[in-house]
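> This is what each chain is made of:
There are 2 protein chains.
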Amino acid sequence: MKFGGSSVADAVKIKNIAQRVVKKIQEGNEVVVVVSAMGDTTDHLIDLARQVSAKPPAREMDMLLATGEQVSIALLAMAINESGIPAISLTGPQVGINTDTVHTKAKILNVQNQRLKEELNQRKAVVVAGFQGCNEANDITTLGRGGSDTTAVALAAALEADVCEIYTDVDGVYSADPRVVPEARKLSGIGYDEMLELASLGALVLQPRSVEMAKQFGVVIHVRSSFNDNEGTYVQEVSGVEKERVVSGVAHDLKVARISIMDVPDRPGAAATIFEALAREAVNVDMIIQSTTRGDNKNDISFTVSQDDLATAIPVMERVGKILGIGQVAFGEDVAKVSIVGAGMITNPGVAAMMFSALAKENINIQMISTSEIKVSCIIKRDEALKAVRALHEAFSLEQD
Amino acid sequence: MKFGGSSVADAVKIKNIAQRVVKKIQEGNEVVVVVSAMGDTTDHLIDLARQVSAKPPAREMDMLLATGEQVSIALLAMAINESGIPAISLTGPQVGINTDTVHTKAKILNVQNQRLKEELNQRKAVVVAGFQGCNEANDITTLGRGGSDTTAVALAAALEADVCEIYTDVDGVYSADPRVVPEARKLSGIGYDEMLELASLGALVLQPRSVEMAKQFGVVIHVRSSFNDNEGTYVQEVSGVEKERVVSGVAHDLKVARISIMDVPDRPGAAATIFEALAREAVNVDMIIQSTTRGDNKNDISFTVSQDDLATAIPVMERVGKILGIGQVAFGEDVAKVSIVGAGMITNPGVAAMMFSALAKENINIQMISTSEIKVSCIIKRDEALKAVRALHEAFSLEQD
Numbered sequence: 003m004k005f006g007g008s009s010v011a012d013a014v015k016i017k018n019i020a021q022r023v024v025k026k027i028q029e030g031n032e033v034v035v036v037v038s039a040m041g042d043t044t045d046h047l048i049d050l051a052r053q054v055s056a057k058p059p060a061r062e063m064d065m066l067l068a069t070g071e072q073v074s075i076a077l078l079a080m081a082i083n084e085s086g087i088p089a090i091s092l093t094g095p096q097v098g099i100n101t102d103t104v105h106t107k108a109k110i111l112n113v114q115n116q117r118l119k120e121e122l123n124q125r126k127a128v129v130v131a132g133f134q135g136c137n138e139a140n141d142i143t144t145l146g147r148g149g150s151d152t153t154a155v156a157l158a159a160a161l162e163a164d165v166c167e168i169y170t171d172v173d174g175v176y177s178a179d180p181r182v183v184p185e186a187r188k189l190s191g192i193g194y195d196e197m198l199e200l201a202s203l204g205a206l207v208l209q210p211r212s213v214e215m216a217k218q219f220g221v222v223i224h225v226r227s228s229f230n231d232n233e234g235t236y237v238q239e240v241s242g243v244e245k246e247r248v249v250s251g252v253a254h255d256l257k258v259a260r261i262s263i264m265d266v267p268d269r270p271g272a273a274a275t276i277f278e279a280l281a282r283e284a285v286n287v288d289m290i291i292q293s294t295t296r297g298d299n300k301n302d303i304s305f306t307v308s309q310d311d312l313a314t315a316i317p318v319m320e321r322v323g324k325i326l327g328i329g330q331v332a333f334g335e336d337v338a339k340v341s342i343v344g345a346g347m348i349t350n351p352g353v354a355a356m357m358f359s360a361l362a363k364e365n366i367n368i369q370m371i372s373t374s375e376i377k378v379s380c381i382i383k384r385d386e387a388l389k390a391v392r393a394l395h396e397a398f399s400l401e402q403d
Numbered sequence: 003m004k005f006g007g008s009s010v011a012d013a014v015k016i017k018n019i020a021q022r023v024v025k026k027i028q029e030g031n032e033v034v035v036v037v038s039a040m041g042d043t044t045d046h047l048i049d050l051a052r053q054v055s056a057k058p059p060a061r062e063m064d065m066l067l068a069t070g071e072q073v074s075i076a077l078l079a080m081a082i083n084e085s086g087i088p089a090i091s092l093t094g095p096q097v098g099i100n101t102d103t104v105h106t107k108a109k110i111l112n113v114q115n116q117r118l119k120e121e122l123n124q125r126k127a128v129v130v131a132g133f134q135g136c137n138e139a140n141d142i143t144t145l146g147r148g149g150s151d152t153t154a155v156a157l158a159a160a161l162e163a164d165v166c167e168i169y170t171d172v173d174g175v176y177s178a179d180p181r182v183v184p185e186a187r188k189l190s191g192i193g194y195d196e197m198l199e200l201a202s203l204g205a206l207v208l209q210p211r212s213v214e215m216a217k218q219f220g221v222v223i224h225v226r227s228s229f230n231d232n233e234g235t236y237v238q239e240v241s242g243v244e245k246e247r248v249v250s251g252v253a254h255d256l257k258v259a260r261i262s263i264m265d266v267p268d269r270p271g272a273a274a275t276i277f278e279a280l281a282r283e284a285v286n287v288d289m290i291i292q293s294t295t296r297g298d299n300k301n302d303i304s305f306t307v308s309q310d311d312l313a314t315a316i317p318v319m320e321r322v323g324k325i326l327g328i329g330q331v332a333f334g335e336d337v338a339k340v341s342i343v344g345a346g347m348i349t350n351p352g353v354a355a356m357m358f359s360a361l362a363k364e365n366i367n368i369q370m371i372s373t374s375e376i377k378v379s380c381i382i383k384r385d386e387a388l389k390a391v392r393a394l395h396e397a398f399s400l401e402q403d
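Residue numbers (this note's numbering), protein chains in the order written: chain A, 3 to 403; chain B, 3 to 403.
If you are wondering where the hints come from, they were derived from the structure by calculation, not from laboratory data.
All residues carry an ideal CB built from backbone N, CA and C; glycine is no exception.
A couple of the hints might just be wrong.
These stretches of chain A come out as covered by chain B in the derived footprint (C-beta under 8 Å, 3 or more residues) [to be verified]: (1) 38-52; (2) 59-65.
What follows is a list of derived Cβ distance ranges for each label pair [as the list claims (entries may be wrong)]: (3) B:D12 x A:E283: 28 to 36 Å; (4) A:D310 x B:N286: 47 to 55 Å; (5) B:S308 x A:A313: 50 to 58 Å; (6) B:Q21 x A:D310: 30 to 38 Å; (7) B:E320 x A:R52: 52 to 60 Å; (8) A:E283 x B:Q28: 30 to 38 Å; (9) A:R52 x B:Q21: 33 to 41 Å; (10) B:S308 x A:T103: 52 to 60 Å; (11) B:Q330 x A:S227: 56 to 64 Å; (12) B:T314 x A:A281: 55 to 63 Å; (13) A:D310 x B:L256: 31 to 39 Å; (14) B:E29 x A:A139: 26 to 34 Å.
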């Protein structure tokens, strides 16, 4: 059971979760609970850091931020104990969630299950701090925003759990964001690949990394509401029938920035130089588009990054620009990404064309296109994004079961 | 360098400490800094715990409270970095401060110095979380209120440091509490045993355990102000001259509770049963007085505990009372302890008599007396304690150098 920061924002909410955990155990389950930091604790800590340092070292940020989850687990373990079920809290390092050394964005390398199993065998509710781990230097690392989902899936995998329940403030995964498309439908089930595309594309119900990991280890994720007992959406290997749905959902991501590089020398290694430099700074690059060769031995390359990463990416691009003798780098912040996702797409030709036609009907210009076997994404002007989502939801009749 | 919670209460104060640490390093020193939790963080965390649980498990309290120091060390390390000196923060478990398993009151068993030395060798300021350690189950423990002093001395011992500087909100150790006795004099030096008695007796400049440990490992402690650069008081093995001062100071402790047990069976093991039961609950017993045998095979036993421990001690005493068939247990909360301390006392007879006479002159009744080689303590009515301190300070002419 994984609960986010809003679910543990105060003592009353923590007690509610404790009740929910106790009920689950009394129904005969063994339970590991993963929690995030309380409410706005993380923002408060980041604010403190900024007060003492303009650019705090990433290692010290991790040391600081990891306290947020540690407070939550201690309080939740107390509340569960108070409800009559023995409980124990464990930090990421105590569990043995071993990560690489990329502070503030660490990746999980492996998870020990010995301590978890010992505590479960003693009939305890085990409460684990999300978002954090430990690198080989015995330093505390954090997994980046939303990393608690990843923690939950990693623990479920390490314990071969029957299900990994992710409690959120929404009822499940919808065919589009219900705030944008009122007719959006809750999906009872969805495949890993589809969920992965949706997660990557801005339907931020689940961290993409957590879905990737769930796919790799066959962990069944149940995305459900923290406010009621309704069934949510099961993310798992899809059945044959479900697979035939051509398009499952429409996703959008408003926090996208576009970077365009003009006149990149058309020689082997140029692209590698650019994207290796970004990777070294841990900037995730999403869509990459290179124009066809223009005949003058120079190319234009465009790609997108998360808007949050733009500040990091700009100096990298300027540095790389000088090395490669690039003409000009342009940054676009007024863009968004809209995408359609569906596992059935691969066997149904013409889906992309239907999407482009639906957008054209709304007079929406497409700046970049990227496709995979189960999704088509378009970069468009940001202020046209929500209109685009509604048009696509209707065009593919996603309101119908 | 050890700084308490009030010295790291906000970002400005943390930056000030950072400056102080940087200066110390620029003067050519290798520095390990120990800090407590910011301001009232610990109280805030305790309050949160009470909101979710009437009696939070001690292990979870430690998990919770340890976050306070972790926030401080991360912020101070950031601030020192910002001042141009590389710094790294380490939690108690990361340093390898290994303790027993008595949660919330753990004792340090040993301190590893490998990680500390590695970081110092890299010319880093090392910022360590006070108050916390790790037991053999890999669980976080805390050392009890004021345990940061103990952490500082333990690290100084493990590193064979030249000096352990304890920064406080007072200038040093005084012949009495200056708030009670305006004429009180700052001592330039004091021996471990005297300091130990003073610390135990309520002059709460230093944790008694920290002084004990300093004595055991020959750590020189410099108690000094966090507000200025004045020399404070050196606590170390005293010279021959200083030793001849008969009385160094007057201490008082208002947070004392008296427990009196009537009609304890006069047989071997009765006292052991009582005090073993208290020890199991980690209640520290201070003065113990047993009346001479009354001829009816029954004794009265009186002892004192910290007032904070009284709530824990009462049910223990009631349980033990039934086992032993004790007549009656009386609890007195309106008492205080006043003491005179001096290494020269041992070679100067009549010091105790002078004390009793000074108290008698003020019409103060003595309820219990306890003596050691270098101190005499009296339990008196709490509302007479401050008057008693002033009378004793004057009687022994402690205002004179």
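> If a hint holds in the structure, say so; if it does not, say that too.
We went through each hint and held it up to the structure:
1. 38-52: Coverage by chain B holds for the stretch 38-52 of chain A (3 residues, Cβ < 8 Å).
2. 59-65: That given contact holds, which follows from 5 residues of the stretch 59-65 of chain A lying within Cβ reach (below 8 Å) of chain B.
3. B:D12 x A:E283: 28 to 36 Å: This hint holds: roughly 32 Å between Cβ atoms.
4. A:D310 x B:N286: 47 to 55 Å: holds (52 Å)
5. B:S308 x A:A313: 50 to 58 Å: holds (53 Å)
6. B:Q21 x A:D310: 30 to 38 Å: Taking Cβ atoms as reference, B:Q21 and A:D310 lie about 33 Å apart, which means the hint holds.
7. B:E320 x A:R52: 52 to 60 Å: Holds - the Cβ-Cβ distance for B:E320 and A:R52, about 54 Å, lies within 52 to 60 Å.
8. A:E283 x B:Q28: 30 to 38 Å: Holds, since A:E283 and B:Q28 (Cβ atoms, about 32 Å apart) stay within the stated range.
9. A:R52 x B:Q21: 33 to 41 Å: The hint (33 to 41 Å, Cβ to Cβ) is violated, given that A:R52 and B:Q21 are roughly 19 Å apart.
10. B:S308 x A:T103: 52 to 60 Å: violated (45 Å)
11. B:Q330 x A:S227: 56 to 64 Å: holds (59 Å)
12. B:T314 x A:A281: 55 to 63 Å: holds (57 Å)
13. A:D310 x B:L256: 31 to 39 Å: Violated, since A:D310 and B:L256 (Cβ atoms, about 55 Å apart) do not stay within the stated range.
14. B:E29 x A:A139: 26 to 34 Å: holds (30 Å)
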